[in-house]
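Colleague: In the order they appear, the protein sequences are chains A and B.
Take our numbering: the final residue in the first sequence is number 301, and no numbers are missing along the way.
Take our numbering: the final residue in the second sequence is number 326, and no numbers are missing along the way.
No lab work stands behind these hints: they were computed from the structure.
We treat Cβ as the ideally placed atom computed from N, Cα and C, and that holds for glycine.
Any given hint could turn out to be false.
[Claimed, not checked] Taking beta-carbon pairs under 10 Å as the criterion, some of the chain B residues facing chain A (in silico):
#1 Lys74
#2 Lys86
#3 Gly97
[Unchecked claim] From the derived model, a few chain A residues whose C-beta atoms are all more than 10 Å from chain B:
#4 Ser58
#5 Pro248
#6 Leu278
[Unchecked claim] For each label pair, taking beta carbons as the anchor points, the in silico distance ranges come out as:
#7 B/Thr10 with A/Pro206: 48 to 56 Å
#8 A/Leu215 with B/Glu121: 29 to 37 Å
#9 A/Ser295 with B/Gln184: 53 to 61 Å
#10 A/Met105 with B/Glu121: 36 to 44 Å
#11 A/Trp149 with B/Thr10: 44 to 52 Å
#12 A/Pro116 with B/Asp26: 25 to 33 Å
#13 B/Ser108 with A/Tyr113: 38 to 46 Å
#14 B/Asp64 with A/Met105: 31 to 39 Å
#15 B/Lys172 with A/Leu97: 31 to 39 Å
#16 A/Arg118 with B/Met1: 41 to 49 Å
#17 B/Ala314 with A/Pro206: 50 to 58 Å
#18 B/Glu266 with A/Arg119: 53 to 61 Å
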Amino acid sequence: MDIATTLTLGTQRPVASAYAAPPTRRRRRARQSVIPGFGLTLGLTLVWLSLIVLVPLSTVFLRSAGMGWDAFTAAAFAPRALAAYWVSFATSFVAALINAVFGLMTAWVLVRYDFPGRRVVNAMVDLPFALPTAVAGIALTALYAGNGWIGRYTEPLGIKLAYNPVGITLALVFVGLPFIVRAVEPVLEDFDRELEEAAGTLGASPLQIFTRVILPAILPSVLTGFALAFARGLGEYGSVIFIAGNMPFKSEITPLLIVTHLEQYDYAGATAIATVMLLAAFAMLLVINLVQAWSRGRYTR
Amino acid sequence: MIRLEGITKTYGTYAALQGIDLSVRDGEFLALLGPSGSGKTTLLRIIAGLAFPDSGRVLFNGEDVTQLKVAQRKVGFVFQHYALFKHMTIADNVGFGLSVRSRRERPSAAAIRARAHELLELVQLAGLADRYPAQLSGGQRQRVALARALAVEPQMLLLDEPFGALDAKVRKTLRRWLRDLHRQMGLTSIFVTHDQEEALELADRIVVMDKGLIEQVGTAEQVYMEPASAFVSDFVGETNHLPGGFHVRPHDIEIVEGEGQPVRVENVFRKGGNWRIEGRHQALGQVIEFDLDAQRTPPLVGALVQVRPQRLKAFTGNPEDFHEHA
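Throw the hints in and build the complete structure from the sequences for me.
Modeller: As structure tokens, then:
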């Protein structure tokens with residue numbers, strides 16, 4: 001081998017090994033993990049999750065499985081139930097979307113600017129978490145109803161803010177806000193300001209810097225917040241029922257329909273609707289998670 | 001030509017720059033050298049338009065750009081930690097500056113891509129256009145950052161500790177490569193470093209800074225051989241401090257036969273092509289360092305040798321006022 005080949009080989013070798021995946025990674029992790037007790041903690045986690053999440057949810061399936069296919073479809077896909085699904089999913093989706101925009105803005109203001117009362121605002125963001133949802137519902141109704149502080153001015157203009165899907169959406173925006181803010185905030189805090197400066201030196205305008213540099217970097221966290229707010233919206237009950245009006249086919253949410261069935265001792269019907277809700281919610285959350293994994297994995301691998 | 005006139009900048013009560021006057025010639029490779037806190041990075045950021053001075057003016061070719069925003073200054077800036085856009089491919093990173101231009105000035109997508117490939121070839125990364133930054137090594141990322149800065153055809157190149165995050169070997173290769181690139185392109189370039197070796201090797205001229213002030217401006221030879229102040233003498237190269245403000249470099253002390261100043265050898269080790277000897281000066285009572293050609297036999301530890309300084313400098317407080325002793 002002459003010197004030239006030796007030199008090229010010498011420079012190539014480290015490059016090649018840098019990209020080759022270590023072949024024994026899995027075995028090594030099992031034997032000499034930095035954090036001990038992997039088997040134990042995984043076991044405990046699985047038992048715990050089973051007790052808290054899996055067992056209760058599976059009883060929903062067991063219940064509905066016992067009622068027979070015809071009875072199940074009759075209850076789960078009754079016109080009133082279909083309308084309730086639509087109201088629940090549409091209002092949750094719109095509310096999560098609104099929250100994505102304004103939650104991002106709130107997080108931005110809290111991270112980027114220092115102003116008097118910043119800590120107070122910061123604490124206020126968590127209020128929807130802490131407030132009993134019924135209290136929120138009553139407060140929102142008092143505001144937005146036709147004789148309320150705000151509703152009284154919008155109603156003459158033909159804008160009804162309560163006792164319809166708009167009211168439901170308003171309530172869901174209220175309870176969902178902290179999810180987006182708290183999901184985006186840490187990511188925005190970690191965002192490297194040098195990237196903005198780099199884009200600036202390359203001639204990008206502030207708007208271009210936001211849409212092309214910052215937004216792509218924080219989008220996965222916005223999606224996380226969106227998924228959480230959406231999921232919360234689907235399950236929300238207390239704050240919604242006061243402002244919703246609860247008119248079947250118009251402003252009746254799925255959780256309320258389930259309660260209605262329960263009050264009529266129609267346990268089978270209630271579980272049938274719950275099953276559909278559960279599957280649909282799971283499917284949507286899975287899709288959002290996949291989108292997120294894809295957008296993240298695309299460039300960090 | 002870049003001219004800085006009376007630049008000052010304070011952060012709170014901390015004076016980062018206290019009156020900087022400097023001219024940078026066209027096509028020059030200039031180093032801003034100093035310890036951390038000397039204000040060198042602040043100065044570079046003020047030239048770029050990433051920071052603004054409290055007073056003073058920045059002039060590009062006689063035109064006052066002090067109030068101009070960074071996007072309008074047409075400077076290429078390279079960051080220590082590369083600052084690549086993680087969600088974009090290498091080609092998109094390099095083409096970014098062209099793609100954000102207003103519709104009238106923006107080249108077509110194909111033209112941007114072609115230009116990106118051209119630049120990636122220049123920085124010898126032609127095959128990596130479709131990778132993402134996370135898949136590249138540190139040295140490769142810094143070259144991408146350089147290509148990205150060059151893509152917008154800046155009127156100057158500003159580099160903030162461009163090799164600071166790289167390991168020693170890559171740093172050396174990249175340094176030589178950058179020097180060649182500068183010779184090839186002749187683009188006015190200013191880089192910030194705290195590594196005197198880097199400054200001495202790369203720069204046409206070196207600006208030595210300390211505590212927000214310029215201590216000396218000169219070629220590597222001038223800064224090393226004729227330091228204008230005790231600080232420069234100390235910061236650039238190695239120096240023995242002797243009583244009375246005298247400075248003497250280790251390679252300027254010679255072991256002599258016969259009459260000299262007696263030194264008791266305390267430690268001997270190899271340093272490149274020389275022996276480095278640490279010994280206690282018998283008259284002064286302090287440890288001094290000096291070099292001996294590695295071809296010669298080093299003295300044993302504990303031996304008494306006679307030395308004589310060949311070149312001595314005295315700094316009497318006032319940096320401008322120094323005398324040379326032969």
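Colleague: With reference to the structure, classify each hint as holding or not holding.
Modeller: Results of checking the hints against the structure:
no., hint, verdict
1, Lys74, "8 Å, holds"
2, Lys86, "5 Å, holds"
3, Gly97, "4 Å, holds"
4, Ser58, "40 Å, holds"
5, Pro248, "46 Å, holds"
6, Leu278, "34 Å, holds"
7, B/Thr10 with A/Pro206: 48 to 56 Å, "26 Å, violated"
8, A/Leu215 with B/Glu121: 29 to 37 Å, "31 Å, holds"
9, A/Ser295 with B/Gln184: 53 to 61 Å, "40 Å, violated"
10, A/Met105 with B/Glu121: 36 to 44 Å, "43 Å, holds"
11, A/Trp149 with B/Thr10: 44 to 52 Å, "49 Å, holds"
12, A/Pro116 with B/Asp26: 25 to 33 Å, "49 Å, violated"
13, B/Ser108 with A/Tyr113: 38 to 46 Å, "39 Å, holds"
14, B/Asp64 with A/Met105: 31 to 39 Å, "37 Å, holds"
15, B/Lys172 with A/Leu97: 31 to 39 Å, "53 Å, violated"
16, A/Arg118 with B/Met1: 41 to 49 Å, "45 Å, holds"
17, B/Ala314 with A/Pro206: 50 to 58 Å, "55 Å, holds"
18, B/Glu266 with A/Arg119: 53 to 61 Å, "59 Å, holds"
Checked against the numbered hints given earlier, the structure breaks hints 7, 9, 12, 15 and satisfies all the rest.
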